[in-house]
Amino acid sequence: MLSKRIIPCLDVRDGRLTKGIKFKENVDIGDPVQAARAYYEQGADEIVFYDITASAEARAIMLDVVKRVAETIFIPFSVGGGIRTVDDMRQVILAGAEKVSVNSEAVKNPGVIRDGARAFGSQCIVLGMDVKKVLASREIPSGYEMVIHGGRTFTGLDALRWAKEAERLGAGEICLNSIDADGTRDGYELDLTALISSHVGIPVIASGGAGKPEHLLDVLTRGKADAALIASMVHYRTHTIPEIKNFLHDHGVKTRLQW
Amino acid sequence: MIGIVDYRAGNLTSVARALESLNEPCMITNDSRLLDDASHIIFPGVGAAGAAMANLRESGLDGHLKKWVQNGKPVLGICLGTQVIFDRSEEDDTPCLGIVPGVVKRFPADLREGEQRLKIPHMGWNRVAFRKNHPVFAGIPEDAEFYFVHSYYPAPADETWAAGWTDYGIRFCSAVARGNLVAVQFHPEKSGRPGLTLLANFCRWGGSDAQ
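Protein chains in written order, with the working numbering: chain F, 1 to 259; chain A, 1 to 211.
Chain F extracted, bound-state conformation (with noise of 0.2 Å):
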């Protein structure tokens, strides 16, 4: 049996984290590659990082970033924002990335999922999906809406409808983030991530909102989660992954418990 995946997510810009990750001792560090194996030390699953920035000076500093982890971690990890062509996951992926995510160029440009999955095989295409909650409507039917560029901007696509096609299109998995719960840290979007789950075949990473270890036993069983992204739970040292996996294994939550 599979054991649920626990994946850190870092975001960095211009080659470092955005907020600094507490090390041991409690000490500061902004350094991705530092982090990366922190928590690959730690017991993360996978790792995802994502790319706030954009220009094209940055995408050479995230790559050079990408190589050093994978010199560094030997788990599976996986990098977003700002890519958008066939080419961009080309860099990634030879860099040392297993797996690429795309988010808002994939609702402008679907082709890009298509593309990708023949270029480089479906495990290695994540689609990225920033969903909020609307009144359901002939046109949003399952009353989630696919939202882009951070949640500012309403797409008039159905969440439901998007992961579906975006499974056909050839994506190997969905990472799928609450814009309503993400920041919260009051839980994860337990009936989005249930819904969108048990409609698609290919696994769903939830996202957004995890603040403490119940938080993720919930999504993981009642939410129907194959995997939980956590992001300010660990870095701020307020819980960490052995002990979040030690409290899901308690709680009949298979998880991976010898790194």
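Think of the hints as simulated: they come from the structure by calculation, not from any bench.
Wrong hints could be hidden among the right ones.
Quick partial rundown of chain A residues pointing at chain F, CB under 10 Å, derived from the structure [said to hold, decoys possible]:
| # | residue |
| --- | --- |
| 1 | S14 |
| 2 | L34 |
| 3 | R117 |
| 4 | Y168 |
| 5 | K190 |
| 6 | P194 |
From chain A, some residues computed to sit far from chain F (all C-beta separations above 12 Å) [said to hold, decoys possible]:
| # | residue |
| --- | --- |
| 7 | R33 |
| 8 | A138 |
| 9 | T160 |
Listed next, with one range per pair, are the computed distances between beta-carbon atoms [what the hints assert, rightly or not]:
| # | chain 1 | residue 1 | chain 2 | residue 2 | range |
| --- | --- | --- | --- | --- | --- |
| 10 | F | R168 | A | A54 | 24 to 30 Å |
| 11 | F | R168 | A | T29 | 16 to 22 Å |
| 12 | A | D143 | F | E165 | 38 to 44 Å |
No residue lacks a Cβ here, since even glycine has one placed at the ideal position from N, Cα and C.
Chain A: place on chain F using the hints.
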């Protein structure tokens, strides 16, 4: 020197980086003469069986792979590399190398574990029940997990080839071993410490499965 066979089946640098972290000299190459001189051969790969076999035939590496296995050089197959050493793959109904008797099958569409419907690909961390006392699997804790990502699984015709078993709705063969050949469905280069242990064992292995 460890030779990593390059047959245009995905990015092979992650295997090389894992070996470098173990201080094992390695080269990624499609040159059979260089690979003839390598002490060990790693045959990795991700992607589709059909395209992989076409590349192997076109480059002539298909014959060399059979030769290395027959000559007693230690060979490690990984993921797609493991699948194409079988007789045939159900993926695009592809005839493969025929080094291991058996077929590579697609996971059934209605794979279940209790009430729960399982997703395909089998993607993530899972356990492997290894054959006891094989030198390449030495020192790996029993509850260790390995990183998998695949939709097809090896089914050896003769179960004495099987060297590891994994449960995902069904119990499938996740590792085969005989003589100087070991082949695994998971990615040791992406499986943290247990994976690095397996790779280090392989690099030190003389190619005999005697206990």
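Now for the hints, and whether the structure bears them out:
1. S14: Holds, about 6 Å.
2. L34: With a closest approach of 22 Å, the L34/A hint is violated.
3. R117: holds (9 Å)
4. Y168: holds (7 Å)
5. K190: Holds, about 5 Å.
6. P194: holds (7 Å)
7. R33: Answer for R33/A: holds, closest chain F Cβ roughly 26 Å.
8. A138: With a cut-off of 12 Å, A138/A remains clear of chain F, as the shortest Cβ separation is near 16 Å.
9. T160: The claim stands: T160/A keeps its Cβ more than 12 Å from every Cβ of chain F (closest is about 26 Å).
10. R168/F - A54/A: 24 to 30 Å: holds (26 Å)
11. R168/F - T29/A: 16 to 22 Å: Violated - the Cβ-Cβ distance for R168/F and T29/A, about 38 Å, lies outside 16 to 22 Å.
12. D143/A - E165/F: 38 to 44 Å: holds (39 Å)
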